[in-house]
Amino acid sequence: MFWQQVVNAIWLGAVYSLFALGYTLIFGVLGILNLAHPSLYMWGAFIGLVCVTTLHLPIWLALPVAMLGSGILGILLDRIAFKPLRARHAPHLATLISSIGASIVLVNIAQGIFGAEVSRFPFDIFPVHVFNFGGVSVTLLQLTILGISLVIMVALRWLIMGTRQGQAMRAVAYNTVTAARLGIPVDQIIMQTFFIAGALAGAAGVLLGLAFNSISPFMGGPMNLKGLTVIVLGGLGNIEGAVIGGFILAFSEVMSVAYLSSDLRDAVSFVLLLIILLVRPNGLLGHSSTKRA
Amino acid sequence: MNVFSEFWATYSSVVQFALINMLLGISIYFTLYTGLLSLANAGFMGIGAYVSAVLTIHAGTPLPVSLLAGALSAALIGWLLGLPVLRLREIYLAIATLGFGEIVRITAVNFDKFSGLNLLGGAQGLSGIPKLTTPGALLFVLIILSIFLVQFHKSRAGRALAAIRRDESVAATMGIDVYQYKMLAFVLGAFVAGLAGGFSAHLTRFVGPTDFSFNAAVNILAFAVLGGTLHWSGAMVGAAILTVLPEALRFMKEYRGVVNGVIMVLVIIYLPHGLINPKWFQRVFSKRRAQ
Numbered sequence: 014m015f016w017q018q019v020v021n022a023i024w025l026g027a028v029y030s031l032f033a034l035g036y037t038l039i040f041g042v043l044g045i046l047n048l049a050h051p052s053l054y055m056w057g058a059f060i061g062l063v064c065v066t067t068l069h070l071p072i073w074l075a076l077p078v079a080m081l082g083s084g085i086l087g088i089l090l091d092r093i094a095f096k097p098l099r100a101r102h103a104p105h106l107a108t109l110i111s112s113i114g115a116s117i118v119l120v121n122i123a124q125g126i127f128g129a130e131v132s133r134f135p136f137d138i139f140p141v142h143v144f145n146f147g148g149v150s151v152t153l154l155q156l157t158i159l160g161i162s163l164v165i166m167v168a169l170r171w172l173i174m175g176t177r178q179g180q181a182m183r184a185v186a187y188n189t190v191t192a193a194r195l196g197i198p199v200d201q202i203i204m205q206t207f208f209i210a211g212a213l214a215g216a217a218g219v220l221l222g223l224a225f226n227s228i229s230p231f232m233g234g235p236m237n238l239k240g241l242t243v244i245v246l247g248g249l250g251n252i253e254g255a256v257i258g259g260f261i262l263a264f265s266e267v268m269s270v271a272y273l274s275s276d277l278r279d280a281v282s283f284v285l286l287l288i289i290l291l292v293r294p295n296g297l298l299g300h301s302s303t304k305r306a
Numbered sequence: 453m454n455v456f457s458e459f460w461a462t463y464s465s466v467v468q469f470a471l472i473n474m475l476l477g478i479s480i481y482f483t484l485y486t487g488l489l490s491l492a493n494a495g496f497m498g499i500g501a502y503v504s505a506v507l508t509i510h511a512g513t514p515l516p517v518s519l520l521a522g523a524l525s526a527a528l529i530g531w532l533l534g535l536p537v538l539r540l541r542e543i544y545l546a547i548a549t550l551g552f553g554e555i556v557r558i559t560a561v562n563f564d565k566f567s568g569l570n571l572l573g574g575a576q577g578l579s580g581i582p583k584l585t586t587p588g589a590l591l592f593v594l595i596i597l598s599i600f601l602v603q604f605h606k607s608r609a610g611r612a613l614a615a616i617r618r619d620e621s622v623a624a625t626m627g628i629d630v631y632q633y634k635m636l637a638f639v640l641g642a643f644v645a646g647l648a649g650g651f652s653a654h655l656t657r658f659v660g661p662t663d664f665s666f667n668a669a670v671n672i673l674a675f676a677v678l679g680g681t682l683h684w685s686g687a688m689v690g691a692a693i694l695t696v697l698p699e700a701l702r703f704m705k706e707y708r709g710v711v712n713g714v715i716m717v718l719v720i721i722y723l724p725h726g727l728i729n730p731k732w733f734q735r736v737f738s739k740r741r742a743q
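Residue numbers (the working numbering), protein chains in the order written: chain Z, 14 to 306; chain X, 453 to 743.
These are computed hints drawn from the structure, not numbers from a lab.
Fair warning: this is a prediction, and the values are worked out from it, not measured in the lab.
We treat Cβ as the ideally placed atom computed from N, Cα and C, and that holds for glycine.
Be careful, since some hints might not be right.
Simulated coverage check for chain X against chain Z, where a stretch passes if three residues somewhere in it have a Cβ under 8 Å from a Cβ of chain Z [unchecked claim]:
1. 538–552
2. 561–568
3. 708–719
Taking the hints into account, I'd like the entire structure generated from these sequences.
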């Protein structure tokens, strides 16, 4: 029973982390709390769904297409909702409000196109296969989700820490003005950051859409609070922190459902969020490499 | 007169919703004026709605008593929530208050189950509330609040809140107790939001646990963003426009909601101080004087 819960928490935590990475990346590089991030996650899920149902693409192709699509949406989001504010050096609250407005637009367009009801992937899209390890059962889907999430996370880590691109990104995060003086194409780096964040959100959307088999324009809502909890747990802007935070949230949720009451699951993230904000507002890992002062 | 009564028959509920939303606009104005971005107002509205509705149904209290009790409960919870979260700044405060509506929802859904009582109606919500809200009562409260706001801005407390918005550290060095005044703004906002919740419950005759979610909080914020927070009438104007707009945009069908978001983005980019900017009035007045 306990180990079954641990298994459930691990794959769920991987997807939470994947979702939160883009959230925290934007904050780390630009200091923007992008409340439209969950809408990109929702759009990723819908793009994946359209690929599978109307374009009849296989699921392994739908995932990269969805990532590409939500990545491009991420760039559009920046151009329309954030760039004009950045040019004016508008305060934090202005960008926050702009991101809320953008998320309303994204959710309502999705509702107009796909309808308000819950859509599902076709049942046979992914082979149903259950492995049994000494009483603990794991589905092939869960293993695949875990594998894909981990691969993407490692790739992101490599991109940020091991490439010139990532070096430039970290420089922009540290100081935009200095980075520009040193010849880093700041605008281009910001665009890439939004693309990556959007793609990560899209991947999480497809994977969670597959796992729970329910996709709706409002699926981003609950993820908003979860995502915020995860990135605050890890420290806003902290990449490693977001991964750890994702697993902590997933464990707390799964265990509270298993041992307390399923009614309390949704309260878990808020309580965690409040505690961490009051006790360690900089997150569990304290300061971080990509965080601004 | 006939035209008017026809108009009223069709639009009286829209007008009353607009008045309630104006109250909500004022409720978030208190915190925004102090420079705090709190997204808890929808939750406070929920508390006011539930408390006043339960009182009216089970204790048979008259509307003013129910409303006042609802507003005071919201203010009390606001104080309790404010104790920890008002130590947080900027984005961290927004994050901490963002989930408050969710807590109200979870409490409302599970209250009956855990307490064994039959009060809040769980996930189905609370229905059968008598329709006691009248346009007159709403107008009366709005006028009282407007008078209060005019006086408030001239008062020591009102100036302290403005100082905190301009610069917290400077305000503190001037001897303003920043934390206490932030609490004042937060609790006042909670009180007014609770009042609006009570009116809304006695207008729609229904309170549902999902009515006070993130979306509701964002809508309230949109009122203030559109109208502006430099003048107390801003949030009221914003609320009136955003309530009437969906009626005017019926032809857009499913895409109506898009307009709210587009307005929010456009206003924050091109009109960062909102529609009502006192500087414009001053400019007009000074031009006249010069002539």
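Do the hints match the structure? See the list:
1. 538–552: holds (count 11)
2. 561–568: Since three or more residues must qualify, the claim that chain Z covers the stretch 561–568 of chain X holds, with 3 doing so at under 8 Å.
3. 708–719: holds (count 9)
Checked against the numbered hints above, the structure breaks none of them.
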